[in-house]
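So for the sequence shown, numbering that gives the first Met the number 0 puts the first residue at 0; every next one is plus one.
Keep in mind the hints are simulated off the structure, nothing from the lab. Zero decoy hints are in this set.
Straight-line C-alpha distance at most 25 Å; calculated SDA-like pairs for lysine to any residue:
#1 K267 x P5
#2 K70 x L197
#3 K121 x Y261
#4 K121 x W77
#5 K121 x P210
#6 K70 x R122
#7 K121 x L82
#8 K2 x R265
#9 K2 x S259
#10 K2 x I120
#11 K70 x G115
#12 K121 x R265
#13 K121 x F204
#14 K267 x F254
#15 K267 x L123
#16 K267 x L255
#17 K267 x F4
#18 K267 x T194
#19 K267 x S189
#20 K267 x R186
#21 K70 x L82
#22 K121 x L85
#23 K121 x A75
#24 K121 x L263
#25 K121 x V196
#26 K121 x F254
#27 K267 x L183
#28 K267 x V180
#29 K2 x W258
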Amino acid sequence: MKKAFPILGLLTAALLSYALYQALVVAPTEQTMGDVQRIFYYHVPSAWTAFLLFFINFLASIQYLVRRDQKTDTIANWVVIALGVLVCIAPYAFRTLLPAGVYPSSVVTTGIAFVGLYFLIKRLFSEQQTDMLALTTAEVGVVFCTVVLVTGPLWARPVWGIWWTWDVRLTSTLVLWLIYVSYLVLRRFSSSGQTPVLAAALAVFGALDVPLVYFSIWFFRTQHPQPVVGGGGSIDPRMLRVLLINWVAFLCFAFLVCWSRYRLERTKREVEETQALEALLEPRSALR
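Given only the sequences and the hints, what does the whole structure look like? Please build it.
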């Protein structure tokens, strides 16, 4: 795997360069906003990537909490399966309650992905490794969420005439960022043995804000534009193609950063365990 990292890094760099070319040169110029609209190709993929990372953090945090007890872990498995089945049935049974432009098949796909990713994490990561995964995805997710909060005002200023407005979408995004920054501050400065448990509980709470951020423009009147992908919106196929290319590039970059950060965190904990073991053995050696 170590040998694959430089190769994947080069491929990701090439993909990011290609995505940049697509966004700045190939994508058509938006008639109303002009070239400033090209921020869209970085603003939206950053938001989607942050949401995905926070979602993984949510699943990893749940598993860290429930896998501490075998019975709780078993109950959680059945709850996840039950939720997956419910999500597959409910959209078709209550189709009229879905927001305009949201298709039942999209909801079902999301439910299946939720169940599949939950059990994939469980298969690939041990209890302690889920804690490391949660920390890693939170750190990288905050970086991408920061990009969202920076590019948003840069786009808003020439279009809206203001840098910021306290509407539901923008405010909930800022709250989401603050929650996960608080999560990282807790992990960084607390030395209590219960810190991972408290952080996991905070992460589960913070993840509840993600649906609010995503669906806010469906249910509330906001300054933020309505969705152009889904939700009854429309987008030029050429723009959509460039948007998806940039998102794939961002996902590859996020994966590499998470991989590198996870390996660093694992090495750090192994060193700390070794140092703790040596500290326990030193008094015994001195007595001899």
